Amino acid sequence: MKEKFISAFAEALEMDVTLIGEADNFRDYENYSSLSELAVLAMLDSEFGIEIEMREFNKYKTIGDLLQLIRDRSAK
Amino acid sequence: MGLLSFENVGIAGLAAAVPSNVINNYEYDLFFKKEDIRDIVDKIGVIERRFAGENTCSSDLCFAAAEKLISDMSINREEIDLLLFISQTPDYRMPATSILLQERLGLSTSTIAFDINLGCSAFLYGLSVAYAIMLSGNHRKALILDGETRSKVYSPKDRKTAFLFGDAGVAALIEKGEKYGKSWFSLNSDGSRESLIKIPAGGYRKMSSCETLKEKVIDEYGNIRSEEQGYMNGADVFNFVIREVPRDFNRLIEVSGITVSSIDYFIFHQANSYINGYLAKKLKLDDNKVPSTIAKFGNTSSVSIPLTIVSELKDKITASKKILLSGFGVGLTWGTAIINLADCKLSDLVEV
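Keeping their order, the protein sequence lines are chains A and B. Numbers 1 to 76, taken from the working numbering, label the letters of the first sequence in order. Numbers 77 to 428, taken from the working numbering, label the letters of the second sequence in order.
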């Protein structure tokens with residue numbers, strides 16, 4: 001799951017997968033913008049079936065936070 | 077549930093008018109650098125759009141479309157018993173623009189005329205209202221005029237909205253007839269999301285003042301707008317749309333018993349190419365059945381669905397075609413409709 005997510009995230013941001021670490025604040029990536037954010041939201045929806053409000057999404061800071069989100073949602 | 081169905085009423089003809097002033101988005105560098113613009117424009121897919129001049133209103137675009145349709149179809153003006161004007165950019169706060177258009181178009185004073193104030197889903201709402209009125213009473217013809225000058229609503233200094241919107245107006249003639257068969261509508265609203273797309277001031281809750289007209293820097297990106305200009309939270313709208321629009325689409329498919337494969341064309345509100353591309357992919361639709369005008373005309377709010385029909389389906393509506401319409405936006409409101417276009421007259425696009 002972790003590898004699937006990191007590779008999907010890299011694809012959404014058009015980044016190299018090796019540049020992505022669990023502790024990274026993903027909003028600090030150079031490719032992160034209000035437009036590429038849509039690609040991340042779309043990826044969460046299509047790859048992981050996660051529908052999320054921005055109010056909640058904005059609480060997550062790191063790649064690890066998003067991984068935890070996916071784990072929590074899939075456990076439900 | 078907001079489900080409606082009608083029989084033997086439909087769109088007999090459609091005409092559309094756009095301003096002749098073409099804005100090339102890559103060159104629209106009044107306030108932003110060209111390299112930044114390129115990234116935005118590539119993503120949203122709006123290459124060109126049309127801007128109405130200072131003295132051109134939504135109603136003027138609709139008037140031109142209506143005159144074209146009346147002339148092309150030799151419509152007897154006396155037979156128009158209902159006139160709906162759909163817009164959120166009317167001429168005045170009062171009177172309603174539909175009343176001004178009744179006089180301008182030379183329609184009878186016995187015409188039922190009123191405005192519908194809704195955004196991107198409004199053509200569906202307007203169609204359902206016109207269908208319902210046509211079927212209750214002895215009305216001969218209805219005219220739906222749907223126009224927007226969204227270029228005047230948003231700040232050119234706010235990159236979230238500066239490159240998206242364009243202006244246009246359409247006229248649709250509604251008639252009764254067995255050839256139209258059955259149609260279905262699902263209409264929805266969610267006022268808890270009212271702030272996602274909004275002009276906060278200039279109405280009666282927060283009236284126009286020197287303060288509301290002041291341009292302000294509104295976010296960490298340096299975007300600038302006044303409270304009387306439109307605001308859009310694109311990410312939350314996107315989240316909402318990718319969830320609710322497919323849900324409503326599938327619900328209407330189920331209710332109607334129509335199979336997705338028997339639908340000839342899917343006409344979505346032209347929001348931006350990113351959202352539209354995502355919806356088509358999620359719903360697994362054949363690209364050839366999903367016409368688009370986002371590159372030519374941008375997002376024209378409620379006008380985008382009928383404008384896309386006029387612009388892209390001309391010569392393709394020979395006999396009866398089954399069309400699915402999907403509108404979503406400010407409110408938030410959204411809806412899905414399945415209608416038949418049978419020998420529908422599609423006029424050539426008019427430039428004003």
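Be aware that a few hints might be false.
Only pairs whose alpha carbons sit at most 25 angstroms apart, straight line, appear in this in silico BS3-like list of lysine-lysine [to be verified]:
| hint | chain 1 | residue 1 | chain 2 | residue 2 |
| --- | --- | --- | --- | --- |
| 1 | B | K398 | B | K360 |
| 2 | B | K372 | B | K255 |
| 3 | B | K282 | B | K292 |
| 4 | B | K119 | B | K217 |
| 5 | B | K372 | A | K4 |
| 6 | B | K357 | A | K4 |
| 7 | B | K282 | B | K255 |
| 8 | B | K358 | A | K2 |
| 9 | B | K255 | B | K110 |
| 10 | B | K255 | B | K217 |
| 11 | B | K292 | B | K255 |
| 12 | A | K4 | B | K358 |
Here are the computed distance ranges between Cβ atoms for each label pair [claimed, not checked]:
| hint | chain 1 | residue 1 | chain 2 | residue 2 | range |
| --- | --- | --- | --- | --- | --- |
| 13 | B | R216 | A | S46 | 46 to 56 angstroms |
| 14 | A | N25 | B | L106 | 27 to 37 angstroms |
| 15 | B | S396 | A | D28 | 33 to 43 angstroms |
| 16 | A | S46 | B | V98 | 44 to 54 angstroms |
| 17 | B | G78 | A | T18 | 41 to 51 angstroms |
Calculated from the model, a selection of chain B residues having no Cβ within reach of chain A, i.e. all distances over 10 angstroms [as the list claims (entries may be wrong)]:
| hint | residue |
| --- | --- |
| 18 | P276 |
| 19 | E304 |
| 20 | N309 |
| 21 | F314 |
| 22 | N315 |
Everything labelled a hint here was simulated from the structure, so no lab data went into it. Small disclaimer: the values here were computed from a predicted structure and weren't measured. Glycine included, C-beta positions come from ideal geometry on N, C-alpha and C.
Hint-by-hint comparison with the structure:
| no. | hint | in the structure |
| --- | --- | --- |
| 1 | B/K398 - B/K360 | holds, 18 angstroms |
| 2 | B/K372 - B/K255 | violated, 32 angstroms |
| 3 | B/K282 - B/K292 | holds, 17 angstroms |
| 4 | B/K119 - B/K217 | violated, 42 angstroms |
| 5 | B/K372 - A/K4 | violated, 37 angstroms |
| 6 | B/K357 - A/K4 | holds, 20 angstroms |
| 7 | B/K282 - B/K255 | violated, 49 angstroms |
| 8 | B/K358 - A/K2 | holds, 23 angstroms |
| 9 | B/K255 - B/K110 | violated, 51 angstroms |
| 10 | B/K255 - B/K217 | holds, 16 angstroms |
| 11 | B/K292 - B/K255 | violated, 55 angstroms |
| 12 | A/K4 - B/K358 | holds, 19 angstroms |
| 13 | B/R216 - A/S46: 46 to 56 angstroms | holds, 48 angstroms |
| 14 | A/N25 - B/L106: 27 to 37 angstroms | holds, 34 angstroms |
| 15 | B/S396 - A/D28: 33 to 43 angstroms | violated, 55 angstroms |
| 16 | A/S46 - B/V98: 44 to 54 angstroms | violated, 35 angstroms |
| 17 | B/G78 - A/T18: 41 to 51 angstroms | holds, 50 angstroms |
| 18 | P276 | holds, 18 angstroms |
| 19 | E304 | holds, 23 angstroms |
| 20 | N309 | violated, 7 angstroms |
| 21 | F314 | violated, 5 angstroms |
| 22 | N315 | violated, 6 angstroms |
Violated hints, listed in ascending order, are 2, 4, 5, 7, 9, 11, 15, 16, 20, 21, 22; each of the other numbered hints is respected by the structure.
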